Amino acid sequence: MSENIVVRVENLTKSFSRGSEKIDVLEELTLEVESGEFLALMGPSGSGKTTLLNIIAGLDTPTSGTVTVGKNLISKMSESMLASWRTRHVGFVFQFYHLLPVLTAYENVELPLLLLPMTRAQRKVQVMNVLDLVGLSGRINHIPGQLSGGQQQRVGIARAIVTDPELIVADEPTGDLDSKSADEILDLMGVLQKTLGKTIIMVTHDPRSAARAQRVLQLEKGKLVKDSRNFSYVTGNAGN
Amino acid sequence: MSLFSMLATSLISIVGITILLALVGKVPINYSIRNLIVRWPISLMTALAFTMVIGVLIVMLAFVNGMYKLTESSGHPENIIVLSDGATDEIFSNLGYTDVSEIEFNPGVSRDELGKPLTSWETYVIVNQPIPEHARKGDRRRRFIQVRGILDPARSGIVHHLVLKSGDWFSTGDAGGGVREVTVSEPGKEPKKVNATEAVLGQGIAKEIGPDYMKPSLEVGDVFNMGDKYWVVAGIMDSGGSTFDSEIWAKWKTVAERFGKVTYTTLVIKTDSKEVAYATATDIVKNFKKAALQAFVETDYYDKLNNTNKQFLVAILFVAAVVAIGGVFGIMNTMFAAISQRSKDIGVLRIVGFAPWQILVSFFLEAILLSFFGGVLGCIVGSFADGFTASSIMSSGAGGGKNILLRLTVDMKLIFSGILFAVAMGMVGGFLPAISAMRIKPLESLR
Amino acid sequence: MNNIEKYLLELLDSPLQLGALILGMIAFLAIIVFANSYLFYFRLMFLNLRRNIIRTSLTAIASIVLVFVVTLVWTVLWFLNLVTSEKAKDFKAIITEKWQIPSQMPYAYEASLSEGAPGQEGDYKIDKSVDAMTWQFYGATIDPEKKTRDNIIFFFSMEPMKMTKMMDGMEEYSASQLDQLNKLCEEMVKDKRKIIVGTERLQAINKKVGERIKLTSFNYKGIDLEVEIIGSFPEGRYNQSAILNRDYLNDSLDDYNRKNPNSKHPMSNRNLNLVWIRVPDKDVFQKVERQITDSPSFTSPAVKVETASSGISTFLDAYRDLLWGLRWILAPFILATMALIIAVAISISVRERRKEIAVMKVIGFTPIQILFLVLGEAVMVGGFSGLVSSIATTMVINNVFGGIKFPIAFFPIFMIPIDAIWWGPAIGISTALGGSLLPSLSACRVKVSEVFARTS
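Chains as they are written, first to last, in my numbering: chain A, 49 to 288; chain B, -1 to 445; chain C, 8 to 463.
FYI, nobody ran anything at the bench for these hints, they're computed from the structure.
Please read all numbers here as calculations on a predicted model, not as lab measurements.
For glycine and all other residues, C-beta sits at the position ideal for the given N, C-alpha and C.
It cannot be assumed that every hint is accurate.
[Claimed, not checked] Stretch by stretch, here's where chain A covers chain B in the computed footprint (C-beta under 8 Å, at least three residues):
#: 1; region: 95 to 107
#: 2; region: 112 to 126
[What the hints assert, rightly or not] With a straight-line cut-off of 27 Å between C-alpha atoms, the simulated DSS-like cross-links for lysine-lysine are:
#: 3; chain 1: C; residue 1: Lys311; chain 2: B; residue 2: Lys251
#: 4; chain 1: B; residue 1: Lys205; chain 2: C; residue 2: Lys105
#: 5; chain 1: B; residue 1: Lys259; chain 2: C; residue 2: Lys266
#: 6; chain 1: C; residue 1: Lys311; chain 2: B; residue 2: Lys187
#: 7; chain 1: B; residue 1: Lys259; chain 2: B; residue 2: Lys272
#: 8; chain 1: B; residue 1: Lys439; chain 2: A; residue 2: Lys271
The task is simple: from the sequences and hints, build the whole structure.
Now the structure itself:
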């Protein structure tokens, strides 16, 4: 496994103010994620795991501290820079899929590509590739209403990888699925990691989903309290 | 730049900018269209509200348009109309022949091949005529008829550019000229022989009086009653589209005596061109000392008569503006609701990387699409009004006025105005919602 | 209070209106009783409307604005209808030249016409000291050099004391205003050179009460009069009008003719324009009409007698198509637009609440109750907006703007009638019912199974 660090978080603090009160959602977090890692973020509700995910994914900025993803110091980027950064570098998978209900599977997957300078033909190649990968080439013209939960999530995953981002963030991807579909989705994510070398950070409650990850991080009250690995890899230190 | 080209340019630029925005905005226009179609009942109702507003606007403007077209075609720029000083309308004018006839020697006056001046001496009166019961619409018991006593009909025809559609001009000879003996058969009475005065009618008034005698329109040879006298139709003027459509012309002497107006009211002079007309009119007003006169270039005179028209236009625009508020608020509701329903979509678009301004453009365009569609429908609905005739009054506002028949006219100018108005409403109504769409925070919308 | 009393008396006159009023009161009581036992529904409707303040406000404002326009249009139509509908008692008739307009008769006709031309035994005689009025139109400018619209005045030349007795619209003035006017008229009788000019006309010619002006006439050329402005009319329909004592005009005309025995003034036999008479009922009207038209004294020119409303009808004839358009195209389309806007707002609100409606059904609410709930919300918004609009419109237009200035014939101003106050709620409620019918039907057809639906 390469020693490439994809995500580097240093002394990350995120606080919200509610009137005169200041609440620290994340406190002085430091963390490194390597390229090709499949990492699960767990913790009780209110532990800050979703906030951490959002900051790493460029959806939110820290109150203090730095976050570097790939070569980009994203914690210092403006909102508009983050927007265009996200398109190329991060793919999102949501618990409730969040597909645009009026667009077909094809069009939903194509959406991020519209922000890149590609011709229609080039986009078609990309989209069909990923739809093929997730096993939905037979349903490209269906709208979400015509797809099952599992199929919708696969469209969601296809959309997440269509711009070939290095990082995939998933927020409870199997939360709304039955166990069979959940397994299929987790298998798929495993394929992404092993075959495409994607780095995956997944927030989950579900221990069975966590079991699929190589590394599990436990958060509590905004602090990293446990960091374990399920499989042994020859790695460097990865925080405590 | 004419009004038409201004409207056309504005419309084309708006369409152009819209297309440009759609392309640059990058949020696929498909998305907006599909969303409108998926929620078709609400989209349709909103569009129909626009249809109603624009449809009504088009009909009202067609009425005003008809009035303007009528006055445009009634005046000729090389004619001068002379009234006595102080007369705000032909009705109040008094021209004494002996005093005024010297005007004919003015060099500006055109002459025919025989060297006679091309002038039209006229006495304009408005006559009250009762409508027989069977021809009454509603409880309309009387009508006002515009009657013009003409000294020399053929010459007047030349001056006013009027030709006869059928029949002949009435004769004007002093010795019984212009009078015929006709047989009149009134329902329930014995037919009798009477003397009827010859008259030439405009097409409009012929159609108006026709039903009194159980015909769609009076024709050459028909006899009718006016002012307690019998008249016979000698000819019908081809006058469509001008104010003469609603007039009855007859021998001057008969009109003057019968209706007690023994002076002339109007003198219309033909000159060679617009410039000569202006020069001559100014000359008359300044230098003609024998009588106090007003002289107008005919087109200017009719332009002044548009005063009521201008007031109608103001009233219509006021109503349109107020009703537009209703339409704008309607579309605001629709768009706000659409946005709150699709806030998750918006969140996803932002997360995937679309910039806030692109979201704004997408929803702004959606509002424009909706209003454009409704507006086009409204123009189609409104254009059914084209061709209907309506009665109205043309007046300068200071007393007097001509009863006229106008044709509602829907032309491209109107259609463009209608569509522009609709799109403007859509833009105003869609703006705030689009801004609120732009401000949706991606994270919050997905929680 | 004067107006309201008059209105109630008028109401009691017409059985149809009285019936409608009683029905309305019964309905109102029924709603109150009903409301008490079903207070929960009303609370729920109100809360639902309050959920989305923006949407409810936009709908309400749009309705207010549209009711405003319809109120203006209906006011014009209502008023014109009023003046052209034949009255049964105590109405006025006008006598004018038979064939021509403008109507110009010789003043010599006055004596007989003002009495109704009684000729034989048994003929009806009008009491011309109270029930007759003559009009002679006198138009002049105060600046003979520069004649513009702003320095001309059109006078109704008449007997001053007849003004408050016979002119239209005097009932709208208060007792003190009438008193004031009567005093001015008495002064005019004492000095025939005194005149009354409406406030707007005074402003236009830039003169004030108390000033003396010289009038140069354009329709009575050569008959120039020197007058003193002693007062004005209260705000209203006579803002642009002016009154001149007819004696001054007639005496000046006689003077002129005496000085020019060989060329009498052209207006000498055309100086009487209208004669008004008041008759107690239709029978008397027909009798007097007969008397006048049968009389041999009025042949050259011939005269005609018609009721005032008939005369005005003929005058408005030219506008018949325009008025038809206002009544049957403009107003209905605006009402349809209002219904659509309410329909949109209610549809949206129903769509958002489908799950909740399903839950209500699970708990046991019947479809009819759901229907009632949604219809009720619409009616609340529509009725309330309509009421607010008509009250505000009536107050503001009548009191701040002094009425609607619509350029039709010789009517300078249209005042919104007090009836308009119920037009608003009526429009609001009916358009709300019409517009929300389909969405409410859709709401009551929500299936219970939708409780378990996924987010669509």
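Taking the earlier hints as the rules, which of them does this structure contradict? Checked against the structure, the hints that fail are numbers 1, 2 and 7, while the rest are satisfied.
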